[in-house]
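Chain B: place on chain A using the hints.
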Amino acid sequence: MTSDQRVDVRKTYKLFIGGAFPRSESGRSYPVTGAEGGFLANAARASRKDVRDAVVAARKAFPGWSARTPYNRGQILYRIAEMLEGRRAQFVAELRDAGLGKGAAGAEVDAAVDRWVWYAGWADKLAAVAGNANPVAGPFFTFSTPEPTGVVGSVAPDGPLLDLVSALAPVIVSGNTAVVVASEPAPLPAITFAEVLATSDLPGGVVNLLTGRRAELAPWLAGHMDVNALDLTGVAETDVKPLAEAAAGNLKRVFRDPVRADAEDPGTARMQAFLEIKTVWHPVGV
Amino acid sequence: MSTETVPPGRGAAGLRAFLHGLPGVDRVGADERAARLATRSIKTTAKAQAIDLAIAMVDLTTLEGADTPGKVRALCAKAARPDPEDRSVPPVAAVCVYSDLVGVAVEALDGTGIGVASVATAFPSGRAPLAAKLADVRAAVAAGAAEIDMVIDRGAFLAGDYATVDAEIRAVREACGDAHLKVILETGELVTYDNVRRASWLAMDAGADFIKTSTGKVSPAATLPVTLVMLEAVRDYRAATGRTVGVKPAGGIRTTKDALKYLVLVNETAGPDWLTPDLFRLGASSLLNDLLMQRRKLTTGVYSGPDHFTLD
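Chains A and B, in that order, give the protein sequences.
Sequential numbering from 1 applies to the first sequence in my numbering.
Sequential numbering from 1001 applies to the second sequence in my numbering.
Just chain A, same shape as in the assembly:
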């Protein structure tokens, strides 16, 4: 090697907790391979203590994020879509590494941006659609308004980008904060996506991304008494029952529904799953 040959500066893939990129507390990592089985990079292998730290960060971020106006949340989500679009070439390259063909990788990034924008638009419309001014036979107004559930733990499906986006956007758009276990076979685009989140005015802790073994992390997330809802979309059918039982400890909402590939209509079920409807009465003329 001659002295003018440059050494590559390789990225260390870490976790995303509380707006920072720490290594796993355990110091562990696992090799991620591409479609042909070749080595791509080492991803951090999160431990239960990383889950705990992520939940603490998400809980801390919840009051601030949920108190933002829906308009402001929508603006931040749009900004995330802009950042994602700006890194299109980088994501296409990462998705190709993960095994997608050239056309498929481009289509996946486009779909992810479009999906994110679709959800961003819902920020200031959810209350009108999911809430209601209820008719009453008396001198009162009564309103039902959707409110965020709290900290949502998600186990994302295998897909490298669109699945992650589809699991994450509907959770945070309504003011929830999220702890997401990224795709186990293809975690690298998720961490690159965290770099998008970190540069989009999204407050630290609103989204926390963990990479590692689902089977190891999901039970800690399911049992955690400070997690309010659970998205088990990325969990195998056979593992759902024990996780749902663990989630019953503090009556978490448990949601599991395959991500819809249809770009036109992802549906509002994912957003509504992590909302609580509050109904209040107001006397008239006071």
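Everything labelled a hint here was simulated from the structure, so no lab data went into it.
The C-beta atom is built at its ideal place from N, Cα and C for all residues, glycine as well.
Do not rely on the hints blindly, as some may be mistaken.
Unchecked claim - So the derived list for chain B, only partly shown, Cβ under 8 Å to chain A, looks like this:
(1) A1108
(2) V1302
(3) S1304
(4) P1306
(5) D1307
(6) H1308
What follows is chain B alone, placed relative to chain A:
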């Protein structure tokens, strides 16, 4: 540390000569030692024991201008039964309130064996005439306080007027009667570790039963290195005089991890004799919930959340 010389007789010059004759504290060394001890790992059964010990050492504190009798009663209920769902959790060591709320706390804690500690002497600044400070102390003692947490006159101490500080502590000691006296050094305002060591010796010599780091109203409050210096002081004081004085770090201790670090520090510096609520206390309010959450994690196997414990 060479402190075979028992503090000499009174006299401002003698006191000053003694305090300034104390060996200096190696600041870097103290920081390093505290940081190294903080890396000790306490797990499983040892952790369970340490958590219970830490709970039993907590001085559950509420020192806000907005304290109401109702809040004090709620705090007392929590002190007696920290976790209503688990009877095996030990009660805390004491409840610490302002002097005018001592009566409420004494009534609420009647029959539980938990003492009431009261801050007095124009807490937290200590800026009041001596007569007012003593009246504050007497009122708290008359209302039933078992422990008095006084603040030293930092202004006088920093001006080098050690005799005034000494006389004030002695006067308060006298006014306390049978009540235990904790002397708050407010280490955040003493600037150097040398001053912390001097203030510790001054307070112990004047009759303190406990030396306490801080009021909790000044930042930095309790830190590990400052507590290390104070633990060395009580250890050396016992070696020199035979009298055992307790230590109470207060303020800024919020997590179980912090509390366990202090316990390690006590064990390694003063020795296991001090690992008892009679000689080591943790002044805290939010710490207790974290200890309870960690305890429940150990008993149930899942992480707990603040939703399941009282707000206070």
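Comparing the hints with the structure gives:
1. The criterion of a C-beta within 8 Å of any C-beta in chain A is not met by B/A1108, whose closest approach is roughly 29 Å, and the hint is violated.
2. Interface hint status for B/V1302: upheld, as the beta-carbon distance to the closest one in chain A is roughly 3 Å, under 8 Å.
3. Here the hint on B/S1304 is kept, as its CB sits about 5 Å from the closest CB of chain A, short of 8 Å.
4. Because the beta carbon of B/P1306 sits about 7 Å from the nearest beta carbon in chain A, less than 8 Å, this interface hint is met.
5. Restraint check, B/D1307 versus chain A: the minimum CB separation of about 7 Å is within 8 Å; hint holds.
6. Interface restraint check: B/H1308 against chain A, minimum CB-CB distance 6 Å, threshold 8 Å, status holds.
Of the numbered hints given earlier, the model fails hint 1 alone.
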